[in-house]
Each structure stands twice: as C-alpha cells, then as structure tokens.
Amino acid sequence: MFNYKILFFIFLSLSRIACFSQENSTVTVRGQVTASSTQTIPFASITIEEVDLKTAADENGNFSIKNVKQGNYTLKITAVSFTTVKKQFIVFGDKDINVSIRMETETNELESVTVLGRSATEKINKQAYSVTAIDAKKLHNSTLDLSQALDRVSGVRVRETGGVGSQSELSINGFRGNQVKYFIDGVPMDNFGSSFQLNNIPINLADRIEVYKGVVPIWLGGDALGGAVNIVTNGKPRTYLDASYSFGSFNTHKTTVNAGYTAKSGLTAEINAFQNYSDNNYWVNVDAADLNTGAYFPNQRVRRFHDRYRNETVILNVGLTGKKYAEKLLIGFTAGENQADIQTGARMVSVFGKMYRKGNILMPTLKYQVKDFFTKGLDFNLTANYNFGQEQNIDTLNRRYNWFGDYKQYDGDGGERSRTLRIFKNNNGVATANALYHVGERHSFMLNNTFTTFDRKESDELVPESTKYKQPKKTQKDILGAGYKFNYNGKWSTSVFTKYYYLNTTYSRSYNPTGNTGDIAYQEYVDNRTSLGYGAASSYYLKQNLQIKGSFEKSYRLPSPEEIFGNVNNNLEGNVDLKPESSNNFNLGLSYQTSFKTVNSLSFDMNLLYRDATDFIRPTLNLNQTMQKNVNQGRVTNYGIDGEIRYSYTNRFTAGVNMTYQNLRNMTKYEPNQNYVSSFYKDRIPNMPFLFGNADATVYFYDMFKKGNNLSLGYNFLYVNKHYLSWPSQGSKDSKLDIPTQFNSDLNAVYTFANGKYNLAVECKNIFDNKLYDNFSLQKPSRAFYIKFRYFFTKSNK
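Just so you know, the working numbering puts 219 at position 219 of the sequence shown, and the rest follows in order with no gaps.
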C-alpha cells in the first residue's frame, strides 16, 4: 500500500510541473495576408489586441509574432485600401500557430490617393510611364524562361527561330531587336554574350520583370528607341534556397539553383546557377529533295536532326549589405558557356548537319549602393562589368545535307555554308553611375551616366595570315541623362528629362589599290556621332482607382556593334553604313480597378501610342537569303493600341485577356537617288505582326487532401494574325510569302505542398500540335510535355 501512495505522489507532482510548464510556455503565431485576387498584401499591420503585440507583414505578406502565451486572442489585420479583418484564435500547448488571412478590397473610393501598402509590382505599374510589371514569383513553379513570360504581356511579341536556346527577338509596340534594351537590376545587358540571353535565363532568377513601352526613365541608362525590359532580382539580404529541376519532350532538361546567405554582421554571399539542355528534335513540315536523284518531296513531316543546345551559367556575389557606408557592396563573377548546333539558315530551305556555334562568358562585376551619400537625401549607385568571353562558329565539313539527314561529301576543303573556325572576342564592358537626390517629399533630381566599350579581336586558324580578321572593329558609347520629378501627394506626378548620346566607331573598308584581281587593301575610318534627346511623363488620379497618364520622348538609338560588324552566330551580316535612328514617342494610358459584391475584382488597362521614326533600322535578307542584314528605312510611323482586362473571383479564380494592334507604315516617299514615289510608300512594314493577343485563366483549390497543400489549373492562349514576309505591294496576291495566322494553347497544373516548400508542376505546350512560326518558315516546337520539381526554403534575417 505504501508503494502505491509514493507512486501516486510522484505522478501528481509531475502533472503539476507539466501543467506549470505548459502554462508558462510561449508559441509563435505565423501566417500570410492575401487579397481576394490571390495576390499577397505586403506590409499589412498585424496586432494581437489583448496583449498589444504588433508586427508588419513583409513584401510577400508573411508575418510572425513570437512569445505568445496560452490564452484566447483576437488578431487584427489592417492594410491601406482593404477592409479591416479580425480573427479569433486559441493558444494551448506548445505548438506554433499558423493562420491564413484573406482581406477584401474596400468598396468606397477615397478623395486622396496613397501608395502605402502597394506591392513593388503595383508601384511600378502606377508610374507615369507606360509600363507593365510582371510578378515573376507567381511563375517560379513553371518551366518558362524570361522570354516566354514576356510573350504574355500586352504590346509585347517575342519571336524565336526554333526551340530551346534558339535566337529570340522581342518587340514592344512594333519596335524590335536592339531598339529594345535589356537590363538586369538596372544594368545594361549589351555585353552579356550568347550564354546569358532572355530565352535561356530561367524565370526563377527574377523577382519581377518591368516592361517599359516607348518612353524609358533615365535611371535605366541606355539608348532604347522604343522600350526596355528590366529584370529585377530579389536583392534583399536573406538566407534562402530555391532549387528546381524539369525535364520533358525532345530530351529537354533544365536545372536551377538560387541560394543566398546573410549574416547578422552584414556579410552576404549569393549564388545563381542554371543549365539548359535539349535535343530540339521536334517535328517540322518541310519540302525535301533526294540529293542524288533530285526527286522532290513536298510537305514532308520530319524531325530536326541537328539542333542540340546546352548552356551552363553560374553567378557568384560576395560582399557586405546593410551598412551605413554601403547599403550593398558586392564583388561578383559570372561564368558560363553554351554550344548550339545550327540546323538552318535564315530560312528552312537551307539545312545543315554538322555546323555549330559555341561561346562563353567570363565577367567580373561590381555593385555598390549607398544612401545619404555625403549628404542626407542623396542615393548613389555604381555598377561595372567587363566580359572577357568569346564566340566561335565551326563549319569545316564540305558537305550538303537534306531534311532526311542524308548528305553528299565533296572533295577538297570547304564548309556547309562558309568554311571557318572563326573566333571573336568582343572585349566589351559597361559602367553605370546613378545619383538620386531628394529635396523634401515632393522634389527629386536624378543624374545617370552609362558608358560601354567594344573592341572585337578575331582570328581563324584556317587562315591565320588573313588581314581581314586584323581590321579594327571598335565602338565607344556614352549616354548622359539628367531629370527632375515633382510628386504631389501621390495623386499627381510629373517628370522631365534630357539625354546626351555619343558614339565613336572605328572600322575599315576594303579596296583594290592596283586593279589586279585578288589585290585587297584596307583603309581605316573613324566616325563620331552625337545627339540630344528629351522627354516628359505625367500621371494624375481622377479617382482613387482611376489613373490617367501620358508620356513623350525624343529618343535616339545608336547602331549596335553586331549590327555594324555582323555576328555569324546569329546569321547576321554587318553594315558599317548604318545611321542612328530616332523617334518621337507618344503614349496615353488609362487604368481602372474596382471591386463589387466584395468577392469580384476587375481591372482595366489601355495604352494609346504613336511613333514617328526616322532612319528606322529594320532587318532584310541578304542577296543569297542565308543571312539577315539591317538597313535604314527613311521614315516609319506607327499608331496603335494595346489593352488588358483582368477579372478575379475571391482567391479561387482569375482570368485575363489582352490585345495589341500596331500599324507600322513606311512613310519614305522617295527612296535614295530616286525622283519618283516609292512603290512601297505607305505599305505596312514587312515581317512584323500587326494584330496579336493573349488570354489566360487559372482556378485555385486550397487545402487539397491536406491543409497547406494547394492546386492550381491554368490555361494560356496566344493568337497572332498572319502578315507578309515582304512588302505588301510587291508581287501578286497569290505569289506573296506570308507568316500564317498562329494559334497556340498551353495547359498547366501546379500542386504545392507544405505552403509552397515543395512544388510539382506539369505542363503541355502547343496542345493541339499546331504549326507555329515566328519568322518565315522557321517552325517552332510541336506538342510537348514537361514536369518540374521545385524546393523553396527561406529564413527571415530580421
């Protein structure tokens, strides 16, 4: 009996100790704040009313409150333009609490406007410029690259010559190629080489993508004629890991690893690595012929047999962040390489079986940012990089191929197009400096300078003594911009700016000094050009949810080194006679957002545009139609409209549609050395789509099978109206070559586990196996299936 009493006493004591410990234990309350449109709400205020514990959500809507004791509590959540939410919860035991908060947009319209509480993407879209920002984080579970994501934006058309790693070209409201400039975190990508291009950079590298249509703000230093794309990475100090792998049709494999670590001392290390591989052996419909008999086989369905592509890239950055003397000071290095088989020329009538190209990037970088530089209100940024990489084109087999993969071998030295082992190093660098000075809350001044240098060195071991590859190919370009911005309570803002452009080009021309056959000599030339541009942008809120904005710019675009000197890897022939192009760009935009019946959200955006360009640079085929060559077109105008409508029902469904119409016309009445009206006067600019659009819809299912596991099903549709390859006035209607009307449909399903820590996505692209062309006869991939696995982990450094 005595033993039972002792045991009972011990049990009772332990129970009291456990109860006392439990009563005094604390937990962490975590959660995420989202809107009815499935968008997260950044910087919302969260309060536990009974104990007055407070915090704020981060930029992704996530929050946590530590040291919450047992009891019954009320969580209060407030955010600008959203109805206040209160949620009851109970803390019992020692397990952390996870809550999900969904807020509804306020239906009443305020007399004044505030930008507090907007996400970074929303803030960009509300600028006075005609700009669209994509929240790339929402696409991180997809297999998209950056160019494919951009192809869904109104006014934007991305054109590719084939599958993974093929040459791509982006146009914004009819301006294309080098007329559109690319930036990564505000740094020009002019010198990044073929190993680091939009269509081989995974979407996971970007936090958001900003698309400026027409007028470009001066802090993006450069000579864009008709727009710019700025890829913004998540540069905030944090510790995280984002790793993914995908594979699919045509033996396609893609891997991405993004990771970062930030210590309390501010020591920061970042790594971004990715690889792409594909055989690109998709089905195409072509006309083929027997190499021996000449027998003709029209419209044959065959596989591409020589189009393999691979690339690997690593970006490393190490330095300090969060210091008074340096908000960010990072020294980095980017290294990468790529190799691509060349299957065709500029048209699919040319077919190759052994020719290929390769290149690499070896680029040290420097990033420096500081706030209150020497004086309060002055922010200063400095970036610099220099690419020591090289490119090479390999064509050494004297063969001729057909689309069946058969070939004929010829005697002697030769190549499939032009026998070569040509190597060229562009030795190009970029340095940017940007200063922003705030005077109070309403006034700010900005100064930006961007300097680029290019010095191509060429060699070919097949012709080591050739003087052709010893000729100078140099450019130096400097663009200086200055601007002023006035902001009145966030309701009205206006910016004015000016830009000074300078280009120095050193090149040579060949001539025959004696008149004897084969006698070639070279004469060196130096060309200097300067121009002065200017512009303005203004925005006004007629109501809290109704914004009107307009912008104008007299812009200039200096010819790029590749356009002047050529680029064999991209089937581009040089033209040293190219002149800078200029344009008067006008934009008028309207945006409206509303909510009704508390669960429905609707947004509308429209942009009217007008462009008046002189010396417009456009591509044509060279004489044998195997390469492209750029030429100046005297005067080109473009007027058009693009718009988008989006609808969402709570956080369960979202859909949108956008359309673009652009009317590019040749207004060159008299061609050079002609005294009669051009046959192509007022013709549409050839090989440029004038009507296209996108549509998408996604439905969401939350807590599928288990709490915290979510499923989304999505559909995307692309339409491009047919357009002519050459001038519409040229030839008879039946004989004209055109790029046919395009219809493309994609399906995707994404299942996320553990609130997004683990992710699985499956996709079907071109589900109806339609023939797709972005350039004449150059077919894009047939139906394809892909699957992607992604792991994401992040740790707050607060």
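One should not assume that every hint holds.
Distance condition first, Cα-Cα at most 35 Å in a straight line; then the derived DSBU-like pairs of lysine-lysine [claimed, not checked]:
#, residue 1, residue 2
1, Lys-264, Lys-69
2, Lys-126, Lys-86
3, Lys-323, Lys-485
4, Lys-371, Lys-468
5, Lys-707, Lys-669
6, Lys-707, Lys-138
Derived by calculation from the structure, the hints in this document are not laboratory data.
Hint-by-hint comparison with the structure:
Using a Cα cut-off of 35 Å, the hinted pair Lys-264 and Lys-69 holds, with the two alpha carbons roughly 28 Å apart. Distance restraint check for Lys-126 and Lys-86: the Cα-Cα separation of roughly 30 Å lies within the 35 Å cut-off, and the hinted pair is therefore satisfied. The hinted pair formed by Lys-323 and Lys-485 meets the criterion: a straight-line CA distance of about 28 Å does not exceed 35 Å. Between the alpha carbons of Lys-371 and Lys-468 the distance comes to roughly 50 Å, so the proposed pair goes past 35 Å and is violated.
Between Lys-707 and Lys-669 the alpha-carbon distance is near 68 Å, which puts this suggested pair outside the 35 Å criterion. For the given pair, Lys-707 sits about 20 Å from Lys-138 by alpha-carbon distance, which is consistent with the 35 Å threshold.
In terms of the numbered hints stated before, the structure departs from hints 4, 5, listed from lowest to highest.
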